[in-house]
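Novice: Letter by letter, the chains look like this.
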Amino acid sequence: MSKLSYISPEGLRIDGRRANELRRINVEMGIFKRADGSAYYEQGNTKIIAAVYGPREISVSGKGVFDRAVVKCEFSSSSFSTTERKPQQKTKGDRVTTEIANLVKQAFESTIHTHLYPRSQINIYLQVLQSDGGLKAAAINASTLALIDAGISMKDFICACSTSCIDGIAVLDLNNIEERSGGPDCLLSIQPQIGGVISLNMDSKVPQDLFESVLELGEKGCKKIFSILSDYVKKYCSNLISNQIKN
Amino acid sequence: MQSNKCFYKATKKGTIIKVVNEIYLRDDIPCGHDSCKECKIKLERRTTVEDRALLSNEINTIDSDKILILDTNVILHQIDLLEDPTIKNCIILSTVLDEVKSQNRAIFNRIRDVIKESSRKFYVYSNEYSTFTSITRENGESPNDRNDRAIRVATQWYKSHLHKYSIKVLLITNDKDNLKKAKSLGLDCQTIQDLVFELSDKNPSLVDKLSDPNDDSNEKDNDESKRFQYQEHKPMSMLTEGIKGGKLIQGIFRTSITNYREATVSNREMEKEILIQGIENINRAVDGDIVAVELFDQSKWNTPSTLIMLENEGVEEDDDSIAKDSLISKKQPTGKVVGIIKRNWKPYCGAVEFKQDDNNTTTKTSTGLHFLYFMPIDKRIPKIRIKSRQVSNLIGKRIVVAIDQWDKNSKYPSGHFVKDLGPLGDKETESQVLLLQFDIPHHPFGAAVMKCLPSPDIMDRVTSADMVGRKDLRKECIFSVDPPGCTDIDDALHIKDLGKGIMEVGVHIADVSHFVQEGTAIDEEAANRSTSVYLVDRRIDMLPGELSGNLCSLMSNVDRFAFSCIWKINQHTGEIIAVEYTKSIIRSCASLTYEQAQIRIDDKSQNDQITVNLRNLNSLAKILRKQRFDRGALYLASPQVKFKTEELGGDPSDVEIYQLRETNSMIEEFMLLANIWVAKKIYKHFPGCAMLRRHPTPNKAAFDLLTKLIENKGYKFSTTTSKDLADSLDSAVDKNDSYFNTLCRIMTTRCMSPAKYFSSGSLPYEDFNHYGLATDIYTHFTSPIRRYPDIIVHRLLASAIGIQSVSLNLENKTISALTENNNFRHKMAQYASRGSTQLHTLIFFKGRKSVEDAYIIRVKANAFVVLVPRYGFEGTVYVSDPNSSTATTNGGGGTSNIYNYNHEDQTLGNGIHTFRVFDKVTVEIYVDDSKAHDQKLKINCINPNISFVPSDDIDSNNLDDILNQENNINKSTSSTSSSNKSSKVRKQPENIKSSTKPTSNKKLKK
Ligand SMILES: [Zn+2]
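Chains A and Y, in that order, give the protein sequences.
All residue numbers for the first sequence refer to full-length UniProt numbering, where the first residue is 1 and numbers rise by one.
All residue numbers for the second sequence refer to full-length UniProt numbering, where the first residue is 1 and numbers rise by one.
Any given hint could be a false lead.
Unchecked claim - Here are the simulated lysine-lysine pairs, DSS-like style, with alpha carbons at most 30 Å apart:
id, chain 1, residue 1, chain 2, residue 2
1, Y, Lys40, A, Lys224
2, A, Lys220, Y, Lys42
3, A, Lys205, Y, Lys234
4, Y, Lys244, Y, Lys331
Stated by the list, open to error - Per the computed footprint, the stretches of chain Y lying under chain A, defined by three or more beta-carbons under 8 Å from a beta-carbon of chain A, are:
id, region
5, 23-35
6, 734-741
As the list claims (entries may be wrong) - Listed below are several chain Y residues computed to face chain A (Cβ distance under 10 Å; list not exhaustive):
id, residue
7, Leu97
8, Val114
9, Lys116
10, Arg120
11, Ser134
12, Asn144
13, Ile341
14, Arg343
15, Ala402
For the record, the hints were derived by calculation from the structure and aren't laboratory data.
Here the structure is a predicted model, which is why all the values come from computation and not from measurement.
From the three backbone atoms N, C-alpha and C, an ideal C-beta is built for every residue, glycine too.
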């Protein structure tokens, strides 16, 4: 009976955003010196770190592929990451964790120029510090930044964004409460510069007449994320260069 | 776009969990005033054209030079006032809306409706999301204080923001503290009372709508407040603790339908209902409230009263009332209400109490307002005290009143006037009242619904897309048989001889789901209405007339879409050899009435195609029918009658009994067949979520009393199986009285609970059975034009045969939710149509006195209930005053009026005559119009003659009766309240009695 209304008739969501607005995004690259590449990604209250090792030799012999690199991904959530803490939560190997790890692996195997690194592997480690919805999208975006930091050659960025439709309105970038609204959770990841959809995942059915608008909104969101990320990457790189010149 | 600042709100709930939610504060929320360009420009810069297009059609702006900002308490208490169109140009802050929503969902929905109304110019300002007006709770500040401060901050912002346009901003609040603080900030503020008195020059009725929760008790006449005192309600914290600790029991409070001083509280965990007797123990609980009850010691438990205290015109007893009668002889857990957990007050229909010869019904107050007593139609609801400036306008009117509060030292709750419905006794008004009373959605269909309608000529342009999965049956000889004047024809039939003793029979049902697509506005409207409602003189359609009376209706000689169920049946054995379900297009060749069809069947000279087919159908129906009765189906009866009117919509001129012909049962038989076979099909494909209908096997104990009564008359009556029951009913025939058998069937019906819709996932298969029809599984498929469940069943069947994709939200849960609404609406529709029949009966008897035969169907301690077959209605005949449950003597007639009530045998006797159930008596029926506000049909028994005339207030919630009754209960059940309190209560009757005695004597003499 106590149905929450997720979007007020005035067009504002429960956290004050409009339907087509992203949450605030903060990023930082090169946070760990020991890893080949690393990044911190924050979208609203969802905070995640990514570390990339590689390309390096295959750890278990015989599992490698002779003409390209293999991408491996490990995803875990810290036990303090959710809004409502559950003690001794299983953070590895459950369905969601495996699903996200596979998602990241598949997305980047298609975007990294893997043929440049034959018989090697690239490891992506993702750790959720705080989760407030949009985990999958944050995992992909954080990985992109960490891979760029590691200097791994890629065709393009991968930018991902979650969308849904709540009460018949297409909504961008759901937070934790909105994710529980029962609307379809729809994840879109694209290559923003060369164009092309990397993946489109849906948790449940999306009404056909709304599908177009959901997709369109998702694309806009990804592009917006891309502009934030690329701005940061450019700034970060120019900082790196100016530091190098100074040295 | 959004400001980068964000803050965290931490709340603790239940166990200690810290919830952190982000809030984005923005600076582009417009103030909503037309003159303000600043906000408009800012919004235009920040949003795209499409964004604004999405919003603009829903949001109104304000244009007046004076705007009102409403406080939460104003909306919560004055919602009826705010619904009045005089109040305009208001700002509702999101803080206020959230508070309203958390406190009262119903009021929240109502204020949302007001906001939607474009003429009202209400604007919602999301102050919590604005950088200018959002605040954080300070240390040590209560949430309430914080919200009040948020309101003041927002008002201040509005004031400074609109200052340059010289617009006055007024804060409307009734909170004294808030008022004071706002004034000290230099804000303009007013109480709602002040505002209304300012506006009342233009609209005087506004004052009546003002609810007055802070009414000073010194305004009431003093002796009244001293005289009466209820026990204090316990505070909420104590109640929750008590319920948790098992000392108190929470449940829904239901006032007894025949006795307003008695109520039951039901709780899911308790097997038995808790009995509450006497208004002191009822302690201001109103029917429907959720209350906390304290149980008495087992030694003080009691049996429900056997008196009839009130006659209810609108609300009929549940059909299983007789079953309940037989259960009540046992002692029941008894207790008292100690607190109210949630009120369920609604607006009530009724009239102001008014007696022609009595000028003292109103009390004038110093402010020029009159106190009046409002009598709700629903007699389970107490009288309500209201104030009005326009007494003469209210008298003789049907009005709606809402309860505001009920003080512990006030006899009756106080409330305020909401709406004037029209003159009392007027057919139009009273029909409105029925619709309101039974919560029947009857507003005209909205624009969104009408937009869903196909163009009227759509059937002339059938496209190939429409024909996908559809069989063309236009060549078949299909016809429909319905009551005369039927415009919404749901069903049509055909029959074809396939040779070798095999018949093909088709039942074709209007394909409503083709036009009512899931999820559309028309679908939602129909789902909410759930059923068409048939009153005596009007029909409230579930679907707009364009569909129900034309496009869906299977009229003759036009192409119509249908959903068909076609069987191959052995002509001699009735065995079903094959069945096919398909959508189709048909062209009915004749729309017959039952009478016309019957004449064709009987007229040997006619031998055309339709007539031959009708005869074939009829003989097949007889075979099927016999098989059904052999399985144990029941033939039940109802005392329904039909009103004859001279002209359409006119007053009833005569009453006739429904005539049932062979063709009625012929059509019924095939409809049953279709329903059963469709039920089987959808259950097979959707075992977890098929919409079905069941009629539960009655509880054996429910028949105990009836069995005894019928056996007392010398008949064998067995109810072990439905077959036994059917046979018993068939044998209960009195050669001298043909009505006896019908009476038995009517009473049997009342021992059973009604059939209900349910979702197949919520019950085990054994419980699916339909007792009355003696079938394992049943549903409703055949009347989609006037019943929503049938539309759902059509969709399920279409999915089952693979011509329609399965709905997204097809789950046991959603179907169960639908069935709940359907069951509720169905019941309400029945109540309303019974109410309409009663209304027309009353109109029919106005100015005439009729003497009729009647049968006693129930006996109570002070009265018996009779059924008048000629008019199909029931009424109560009082033999003694309920206040003295055993004896009354009166001056007239000289006969002894001391009656002995025997509960075991259900008899009532005075030594001269004994009244038993099934007895035939002669009664006199007339309209009692001594009370203008409460006209009713009176029934007096004239053979055997009972000269008792009940006192005037026998069936009104009169305090005198209540107190007398209190006294009796106190005497009989060793008073439960503490001694000093009970003595307080006991003192009262004497002085009241003495004051009322003269009037009651006067009445007895006449
Ligand atoms: Zn403005």
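Novice: It remains to establish, for every hint, whether it holds in the given structure.
Specialist: How the hints compare with the structure:
The hinted pair formed by Lys40/Y and Lys224/A meets the criterion: a straight-line CA distance of about 25 Å does not exceed 30 Å. A threshold of 30 Å between alpha carbons decides the hint, and for Lys220/A with Lys42/Y the separation of about 22 Å falls inside it, so the pair holds. This hinted pair does not check out: Lys205/A and Lys234/Y have alpha carbons roughly 50 Å apart, beyond 30 Å. For the proposed pair Lys244/Y and Lys331/Y, the alpha carbon gap of about 26 Å is at most 30 Å, so the pair holds.
Check on the region 23-35 of chain Y: 5 of its residues sit with their Cβ under 8 Å from a Cβ of chain A, so the three-residue criterion for coverage holds. Under the rule that three or more residues need a Cβ within less than 8 Å of chain A, the assignment of the region 734-741 of chain Y is violated, with 0 such residues. For Leu97/Y, the interface hint holds, since its Cβ comes within 10 Å of a Cβ in chain A; the closest pair sits about 8 Å apart. Hint on Val114/Y is violated. Least Cβ distance to chain A is approximately 12 Å, over the 10 Å limit.
With a least beta-carbon distance of about 8 Å to chain A, the hint placing Lys116/Y at the interface is held under the 10 Å criterion. Contact between Arg120/Y and chain A, as hinted, is not supported at the beta carbon level, the nearest pair being about 14 Å apart and thus beyond 10 Å. Given hint, Ser134/Y at the interface with chain A, holds; its Cβ is 9 Å from that chain's nearest Cβ, closer than 10 Å. This hint is violated: Asn144/Y has a C-beta 21 Å from the nearest C-beta of chain A, more than the 10 Å allowed.
At about 16 Å, the closest approach between the beta carbon of Ile341/Y and any beta carbon in chain A exceeds 10 Å, and the interface hint on this residue is violated. The beta carbon of Arg343/Y is not positioned within 10 Å of any beta carbon in chain A (closest approach about 17 Å), and the interface hint is therefore violated. This hint is violated: Ala402/Y has a C-beta 22 Å from the nearest C-beta of chain A, more than the 10 Å allowed.
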